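Novice: Given next are the chains, with one letter for each unit.
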Amino acid sequence: MDKSKHIVLAHGGGGQLTDELIANTLLPRLGNETLGQLLDSSIVPGTAERMAMTIDSYVVRPLFFPGGDIGRLAVCGTVNDLAVCGAEPLGLALSLIMAEGLEREVLESAMNSVREAADEAGVKVITGDTKVVGRGQADGMYITTAGVGSVREGLRLHPDQIRAGDKLIISGTIADHGLAVMLAREMPEVQSVLRSDVAPLNRMIGRLLDKVSGVVFMRDPTRGGLACVAADIAGRTGLHVVLDEGRIPIRAETRHAADMLGLEVLEVASEGKVVVVVRPEAAEAALGALREDEHGRDARIIGQVEDTRDGLCELQTVLGGRRIMLKPYGEQLSRIC
Amino acid sequence: MTGHEALDRLRSAAAAVGRPMAFMEVCGTHTVQAFRCGLHSLMPGNVRLISGPGCPVCVTSQGDIDMLIELARRPGVTLCTYGDMLRVTGTDGNLEEARTMGADVRVVYCSLEAVKLAGAEATREVVFAGVGFETTTPATAAAALEAERLGLRNFSVLVSHKRILPAMRALLESGQVKVDGFLCPGHVAVITGYATFAPIVRRYGLSCVVAGFEGAQIAMGMARLVELVRDGQPALENLYPQVVTRWGNRRAQNLMRRVFRPVGARWRGLGSIVDSGLAFRSRYARFDAQRRYELTPVESAEPPGCRCGDVITGRCTPAECKLFGAACTPVCPIGPCMVSSEGTCQAWFKYRRQDKAGVPAGAGSN
Amino acid sequence: MCLAVPAQVKNCDGNEAIVDLHGNRVRVSTVLSPEVKEGDWVLVHAGFVIQQLTPEAAAETFAVLADLVEKGGPP
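Protein chains in written order, with our numbering: chain A, 1 to 337; chain B, 1 to 366; chain C, 1 to 75.
No lab work stands behind these hints, which were simulated from the structure alone. Heads up, some of the hints might be wrong.
[To be verified] Examples of chain C residues toward chain A, derived with CB under 7 Å:
1. Val-5
2. Gly-23
3. Asn-24
4. Arg-25
5. Val-26
The structure presented is a predicted model; accordingly, all values stated were derived computationally and were not measured. Note that the Cβ used here is the ideal one computed from N, Cα and C, for glycine as well.
For reference, chain A alone in the conformation it holds in the complex (with noise of 0.2 Å):
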């Protein structure tokens, strides 16, 4: 095999041709001076009283997809972890696992979209890993990164900060990443204008904290969607939380989409998104800093929480009926992140 243009099990072994994956394909990408030492561990830049930190795995089929790639959610995905604790991202840890065959041209493109994402998002990969596994395993690449962030002083967002009486909003249209990557692989003869949302959020999320007060936890809705964020906060806070799904930002293609795989579009995973829990009163001064953002332009406040201690979600339904949302079962939507 042309090792100029695949993935062999030597690139994995820590020897020379590793070195020369990392310098040739590696670096140049995602180059910066920290990750340029090549040592075993990093400093992370900067400090703070309390750090975050969080870690996801990548394993998304197709790896590429219409609106993203796994290097763009390699990163998205870890930095808004962080952001949605409050947690400014101060460094990237990125792992990379491949199968042995893969084109170096896949690598390269999703190693671009990992330095353009961590460039949108305003932060490096300082350290990474890479292994090589036999061919036809890992179907071609996974990703997991690891986050560090610096969580804003005197901010606590947690489910037990949740009260009755607080809202909650939604970013904006929920299911577009899962349903154009379900799109992409089960119906790949389908065009689409479908595109995943993937974006990271670390900017807007920090613009609503610097400007509203009252916000006390926050979620995106990846695996299981809207009605997985809902139910947990339902059942983790034990009380009742209601949905307007008239108030539900949904785009017409998502939905026929939705409706054409027989998928409930509520359990879908959005990449691009957050779930906001606010207090009532500062609820609609987060509409208008979320609405200030690229990423926030669509937000809505769908909901709210009422006191009933039954650790229920419900959906005010359209038709002015009500009904329940479990968290979902979770086997239907493989391989969407």
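Since the structure of chain A is already known, use the hints to place chains B and C on it.
Specialist: Coordinates of chains B and C only, in the frame set by chain A:
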């Protein structure tokens, strides 16, 4: 009529009637949609919408499911199926588990994909799981005709298609189900025409209202059913004229008739019903997977305590089954009504409020 | 199982057609409804066109959809 207008009419008609009424829907999609749109929480206290045997996956016999799984496990066989069938359990596992263990099971969104696959992979034996009511049966007929046109020798169908009208008749004949009318499936009626339900109205004096699947459309269907009881005039009504005509899609019916003939079929929970199933006509016998692979369905008893048979005939609600919500949940299902995404038990579990005993909370909700 | 969605025919080609809804373009079989032509609104189920919408229904569907597009989604 908007959804809110339909609800107003439903309420005033129900108040005028006074006595308790029960109507049955016979379509899994109606079962789920009625819950999803919140209709059950809005029904007047004296009106109940019962689910009947409308979930084709739920009524597929254990024997048929076992044959599918057995075929899937055979080396050289590629089993193509609609997604709904993946997790339905037979005597020993389900198709999804078989796939994890190496069986070649593929989800298709169109029956013709299975035919294309057979054409492309001449060394594989492709079997398509033909499950569904009249909405879906023409697609299987079209697939068989296409396979014939292409002269394919490696394509077959395990036919489990069913016809809804014989089941409705069997239910009523059994005398065990008392309903005041039927909410009839809109997309089945696209194929069959609404006239297909006329015998129910004539023979049993029960109204049949054909409705679509949006919340407002189902509410409208319920309103008309109650108004017809109020007015003492059983009637056949089509509330989905956008796509449902009196005689339906003739071409689709002709294709079905050309390829299939009615046979007795076994419905899980209902037993055998005359003329309620379909089998290939002799000209198409070579596409019959059961014949090709010399399979014989073997029925076994339902798991102890499982009341799916009673649930899908409207004889009991899911909450009245002791296993419901306890031993039998969507994560850990026992019977088909809990496995299928259109099963009555799964719908109840997911969308209804229940107290710890699984008994529904709130008046007027069913 | 009975999920069927309306769509508009963009192109007919023998036994198949390309239908469009909200920018999603799918190739479907017209074997069950061979009389459909470009511009028709149809009902699609499991990869087949199973019915044409009546002209009134088509107008209604189109109006509702145009409305949705203008307002940018549900209210």
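Novice: Determine for every hint whether it applies to the structure shown.
Specialist: Going down the list of hints, with the structure as the test:
Hint on C/Val-5 holds. Least Cβ distance to chain A is approximately 5 Å, under the 7 Å limit. For C/Gly-23, the interface hint holds, since its Cβ comes within 7 Å of a Cβ in chain A; the closest pair sits about 3 Å apart. Interface hint at C/Asn-24: satisfied, since its Cβ lies 5 Å from the closest Cβ of chain A, which is below the 7 Å cut-off. Residue-level restraint check for C/Arg-25 holds (minimum Cβ-Cβ distance to chain A is 4 Å; threshold 7 Å).
The interface hint given for C/Val-26 holds, since its Cβ lies 5 Å from the closest Cβ of chain A, which is under the 7 Å cut-off.
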